[in-house]
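With chain W fixed as given, assemble chain C onto it according to the hints.
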Amino acid sequence: MEKKTEQQSRKRRNRSHVGIDRLSSLPDRVLRHILSFLPTKSSVRTSILGQRWRHLWAYVPNLDFDNENQETINRVMLLRKVQTLHTFLLYHKINCSPYQLDTWVTFAILRNVQKLHLYFRYQTALPRCLFTCETLVNLTLDSCGVVPSSGAVRLPRLKTLHLSFVQFEADESLPHLISGCPVLEELVMELCNVKRLKLHLAYDISVRFRNLTELKLVADYRFLLKMLENADNLQVLTFSEYSNEIERAAEPPQQVPTCLLSRLKMVEFGCIAGHAYELEVIRYILRYSKVLERVKIVYGLCIGSEEKINMLQEISLFRRGSTTCEVAFVRLSID
Amino acid sequence: MAAETGTPTTLTLKSNDDELFSVAESAAILSVTIRNMVEDGCAGGVIPLDNVDGKTLASVITYMNGISAIPADEEKKKSYRDKFLSDKDFETLADMVLAANYLNMSCLMDAVSAKIAQVMEKKSVGWVRRKFGIENDYTPEEEAAVKEEHKWTFEGVETDDDN
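Respectively, the protein sequence lines represent chains W and C. Residue 1231 in our numbering sits at position 156 of the first sequence, and the numbers go up by one each step. Residue 146 in our numbering sits at position 131 of the second sequence, and the numbers go up by one each step.
Okay, chain W solo, but in the shape it has when bound:
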């Protein structure tokens, strides 16, 4: 009798944990897949679980380091047992030699890396082979690297490019880089040396961003209009101004940018202050965008309430090229 109860309760337990008991029957391929979503530190730690897990981490095609020391990173790289490196995320604030950083990046490139995110917190030259990496699909450079203005750029598979606070060797660097990315779909930039871009590049982009559908841009207003002319398929634009040194209005383009006529649906302006040159650009976009659905305008805290009402009234009276376009005003909130 007692035995039967025990059997029944075991049966019940098995039933409620049937997935769990079978998890250990998953093929290594699936377990490696689960491990590939962990930071490398946690992935290597699973070697303690049991014999089967001892070397599983070494076959995971990803590396994701968050401020590990140099010896640790090198050790893990040497102990890996798989040739391919699909994803390499290196967040490294600890000082180390440019030579070491160069070695790590080259290591990834030689292993056909597809997704590469680098954050070093200080500028360093990147290995030249980064710019001719044929396997790269997704690249983020944050606070590191210098984008060269000459030499080969050939990134035939690159779809996503994020550049945050990188240095540009010269004004031509950005167009030069983009010209080597024929299938780029997403470009996100946070610019730190916007001055140079604003003065020269803003009027000198000869590269077209044909596949670009979504753009988050931090730059000045003149650069914004230039970008619109070169991004025929742009649908979603998030813009905030980097520098407020420019008091001059941006010159409207000679022809209405193609994206305004048939593509651009959503625009967000981050933190406007109410300057005439800001309103001019908003007026232009509202006037000529034919399929615009929504414009969100975030205004700053520095605007007085009367000034604000006047500004909002003025904007809401701007002619709209799209009858269905709604305009939302949102006060900047500080979280």
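Treat the hints as calculated values from the structure; they're not laboratory data. Honestly, I wouldn't trust all of these hints.
[As the list claims (entries may be wrong)] Derived DSSO-like pairs: lysine-lysine, alpha-carbon spacing no greater than 30 Å straight-line:
{"no.": "1", "chain 1": "C", "residue 1": "K91", "chain 2": "W", "residue 2": "K1156"}
{"no.": "2", "chain 1": "W", "residue 1": "K1234", "chain 2": "C", "residue 2": "K91"}
{"no.": "3", "chain 1": "W", "residue 1": "K1365", "chain 2": "C", "residue 2": "K162"}
{"no.": "4", "chain 1": "W", "residue 1": "K1291", "chain 2": "W", "residue 2": "K1383"}
{"no.": "5", "chain 1": "W", "residue 1": "K1190", "chain 2": "C", "residue 2": "K93"}
[What the hints assert, rightly or not] Quick look at which bits of chain C chain W covers, simulated, 3 or more residues with Cβ under 8 Å:
{"no.": "6", "region": "47-57"}
{"no.": "7", "region": "72-84"}
{"no.": "8", "region": "128-140"}
Glycine included, every Cβ here is placed at the ideal spot set by N, Cα and C.
Positioned in the frame of chain W, the structure of chain C alone reads:
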């Protein structure tokens, strides 16, 4: 025939505990396993899915319908997946990863794997062994040696044992 007349084709799926489910073919073929059966002409009657129980299959079908109703918009799909998995406990996630593996559904597989990884990352060794059904087959000496070998992975790590 149905495809020619423009009527959406419906498939009938059978779980390993004999529950039957109707699902639009267009949603069901997110599973490469099912798609192959459809393409091979084996989907005429009932499609038996021997490795998935009714409760899990119902959940997978909810996912299939939900995600295939979203047009090509990766961000919306991602937020649907996040929401879909947000209230699932570890046992359910375990069932889902097994089902996604069997049904060969890469998008569900990725989302569930990521969620499992997220859950296990902060858990103790004991918790993970228990939840994954892993038998500790190290001798104490071996275990100590492995721990020593990768001691950096245990430094500064806080784990818990909660469910």
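Report the numbers of all earlier hints that the structure fails to satisfy, in ascending order. Checked against the structure, the hints that fail are numbers 1, 3, 6 and 7, while the rest are satisfied.
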